[in-house]
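Trainee: Sequence:
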Amino acid sequence: MVEQESGSTEHWLGRARQLVPAAVARAKSARSFVSRWSSIASKLERIPPCLSDLSSHPFFAKNALCVEQLQSVSNAVSETIDLADRCSGPSAPPVGKLRMQSDLDAIAAKLDLCIHDCRLLIKTGVLGESNHPPASTTAAPDDSADVVRELLARLQIGHSEAKQRAIDGLLEALRDDEKGVVALLGRSNISALVQLLAAATAPKMREKAASVVCLLAETGNCEGLLISEGVLPPLIRLTESGSLVGREKAVVSLQRLSMSAETARSIAGHGGVRPLIEVCQVGDSISQLAAAGTLKNLSAVAEARQSLVDEGIVRVMINILDSGIVLGLKEYAAECLQNLTSSNESLRRAVVSEGGIRSLLAYLDGPLPQEPAASALRNLVGSVSVDSLVSLGLLPRLVHVLRDGSPGAKQAAASAVCKISSTPETKRLVGESGCLPLLLGLLEAKSGGAREVAAQAVAGLMSCPHNRREVRKDERSVPSLVQLLDPSPQNTAKKYAVCCLASMASSKRCRRMMISYGAIGYLKKLVDMDVPGAKKLLERMERGSLRSLFGKK
Numbered sequence: 001m002v003e004q005e006s007g008s009t010e011h012w013l014g015r016a017r018q019l020v021p022a023a024v025a026r027a028k029s030a031r032s033f034v035s036r037w038s039s040i041a042s043k044l045e046r047i048p049p050c051l052s053d054l055s056s057h058p059f060f061a062k063n064a065l066c067v068e069q070l071q072s073v074s075n076a077v078s079e080t081i082d083l084a085d086r087c088s089g090p091s092a093p094p095v096g097k098l099r100m101q102s103d104l105d106a107i108a109a110k111l112d113l114c115i116h117d118c119r120l121l122i123k124t125g126v127l128g129e130s131n132h133p134p135a136s137t138t139a140a141p142d143d144s145a146d147v148v149r150e151l152l153a154r155l156q157i158g159h160s161e162a163k164q165r166a167i168d169g170l171l172e173a174l175r176d177d178e179k180g181v182v183a184l185l186g187r188s189n190i191s192a193l194v195q196l197l198a199a200a201t202a203p204k205m206r207e208k209a210a211s212v213v214c215l216l217a218e219t220g221n222c223e224g225l226l227i228s229e230g231v232l233p234p235l236i237r238l239t240e241s242g243s244l245v246g247r248e249k250a251v252v253s254l255q256r257l258s259m260s261a262e263t264a265r266s267i268a269g270h271g272g273v274r275p276l277i278e279v280c281q282v283g284d285s286i287s288q289l290a291a292a293g294t295l296k297n298l299s300a301v302a303e304a305r306q307s308l309v310d311e312g313i314v315r316v317m318i319n320i321l322d323s324g325i326v327l328g329l330k331e332y333a334a335e336c337l338q339n340l341t342s343s344n345e346s347l348r349r350a351v352v353s354e355g356g357i358r359s360l361l362a363y364l365d366g367p368l369p370q371e372p373a374a375s376a377l378r379n380l381v382g383s384v385s386v387d388s389l390v391s392l393g394l395l396p397r398l399v400h401v402l403r404d405g406s407p408g409a410k411q412a413a414a415s416a417v418c419k420i421s422s423t424p425e426t427k428r429l430v431g432e433s434g435c436l437p438l439l440l441g442l443l444e445a446k447s448g449g450a451r452e453v454a455a456q457a458v459a460g461l462m463s464c465p466h467n468r469r470e471v472r473k474d475e476r477s478v479p480s481l482v483q484l485l486d487p488s489p490q491n492t493a494k495k496y497a498v499c500c501l502a503s504m505a506s507s508k509r510c511r512r513m514m515i516s517y518g519a520i521g522y523l524k525k526l527v528d529m530d531v532p533g534a535k536k537l538l539e540r541m542e543r544g545s546l547r548s549l550f551g552k553k
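Following UniProt numbering, the numbering of the sequence shown begins with 1 at its first residue and continues without gaps.
Check each hint, because a few of them may be wrong.
[As the list claims (entries may be wrong)] Pairwise CB distance ranges, derived in the manner of DEER restraints:
hint: 1; residue 1: V245; residue 2: A25; range: 47 to 57 Å
hint: 2; residue 1: L327; residue 2: E172; range: 25 to 35 Å
hint: 3; residue 1: L98; residue 2: S346; range: 58 to 68 Å
hint: 4; residue 1: R274; residue 2: S447; range: 31 to 41 Å
[As the list claims (entries may be wrong)] Subject to a maximum C-alpha distance of 30 Å in a straight line, what follows is the list of computed DSSO-like cross-link-like pairs (lysine-lysine):
hint: 5; residue 1: K110; residue 2: K204
hint: 6; residue 1: K473; residue 2: K508
hint: 7; residue 1: K110; residue 2: K97
hint: 8; residue 1: K473; residue 2: K427
hint: 9; residue 1: K495; residue 2: K427
hint: 10; residue 1: K179; residue 2: K204
hint: 11; residue 1: K524; residue 2: K495
hint: 12; residue 1: K536; residue 2: K473
hint: 13; residue 1: K525; residue 2: K535
hint: 14; residue 1: K536; residue 2: K495
hint: 15; residue 1: K446; residue 2: K427
hint: 16; residue 1: K473; residue 2: K446
Derived by calculation from the structure, the hints in this document are not laboratory data. From the three backbone atoms N, C-alpha and C, an ideal C-beta is built for every residue, glycine too.
Modelling step: build the complete structure from the supplied sequences, incorporating the hints.
Mentor: This is the structure in structure tokens:
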């Protein structure tokens, strides 16, 4: 019979020590299922050393976990004796053979659990840390660390119901004091959580473990431990077949963990792409958003891109661009397409063939952040004819972005202008679209990269006479370009500024402005640095300066 759970630690220690020899004798004398009983007897014989190790600890008598563990041992041994009595009579067991086999398996599992938990109590060091009554989340603040330590220990010992109570307490503790709980976490605690997450026979436990892992992943302080303890495979399995809540928590965890390129690579390697794409298509709004964010992170890893495309990500992301309704979802899709098209021509063609350009252009018409779509278009303009881009309405969208977009979006749009300005006709069309004044304004951007790409675009467009006249007429052009002659290494636009100013140097008015803004001093330094075109432009300006000087005399 199972004992009532009351009495001191010493009482339960004595009780367990008294029961074990009797249980061993009964197990060895059982006449049915002899081989199974022999195995059970060997398990029983391993219990006394565990009890000795446990009782020798300095805090043994004060620790609530000890008395609970001794109760579990005593109850398991008592059940073993009862079961042995049923198998030791002269007749066959009073219950069916299959039922008796099941009972024997169950008692063997209980004994294994008792031995495991006794060893774990010693190994984890929790006996010296937790000297309080059973954990309660209503403990006083001074006791909160001890309560959390005990909850963490209880994740590793006892039956599933006890672990579920512990994980409930841990969830509450995390919500109350996230930093305090994280500070107490160790590798063994994370390992226990991952094991609970992988427990296929306890769906509710998996769901709660996923909630804890999600909270820990979102802290940004546990990624290394979670990954090293193998959290990715069970999270991916939960994404495939978990409950609504479990799947949501798993995908949110994967999104946070995939911010690391190495982890993103591992998610793809563990078969995470297909379930994430499926969640993007059929998941609830939170799961869909997190799955798209995870896939965006995976697409930033070059080695993962082909597997993403093989699983159909291009069509899925284009569909999201066309019809996604969750806030942030379209932006993730545009970023994903931006990453996919950043370096691989075959992937660019895949996006073009699926109609991605039209969807990206439509995205630019909306109020959402424009930089990812503008960057994706910049990547794609070399993979389709300029005539097709113009007919699809690319130029008005570029003007819109150059006028109203974020700094990053403007830089991407200017880069797209550089790429499409490949023939005299397209250069004329770009100039007539209204891009030039906006590009000239971008010459004064805070970002050096934006200034460089704007200067490059202007330099390319100025080979068209109409565009050259427009640049000369703009009062901002000369002072902005002269400032870009700055010889400092941080200024990467100087060679394009030299090219632009050389195209304007035939105008006496422009030459005078260049000189007045200090172009000669800059150019002398650029000549020493062997910047292409600087020497020729300097000579032309110095000749003009001398003529002006002699003319005045």
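Trainee: For every hint, state whether the structure bears it out.
Mentor: Hints versus structure:
no. : hint                      : verdict
1   : V245 <-> A25: 47 to 57 Å  : holds (50 Å)
2   : L327 <-> E172: 25 to 35 Å : holds (30 Å)
3   : L98 <-> S346: 58 to 68 Å  : holds (59 Å)
4   : R274 <-> S447: 31 to 41 Å : holds (39 Å)
5   : K110 <-> K204             : holds (21 Å)
6   : K473 <-> K508             : holds (13 Å)
7   : K110 <-> K97              : holds (20 Å)
8   : K473 <-> K427             : holds (18 Å)
9   : K495 <-> K427             : holds (20 Å)
10  : K179 <-> K204             : holds (26 Å)
11  : K524 <-> K495             : holds (14 Å)
12  : K536 <-> K473             : holds (23 Å)
13  : K525 <-> K535             : holds (10 Å)
14  : K536 <-> K495             : holds (13 Å)
15  : K446 <-> K427             : holds (26 Å)
16  : K473 <-> K446             : holds (24 Å)
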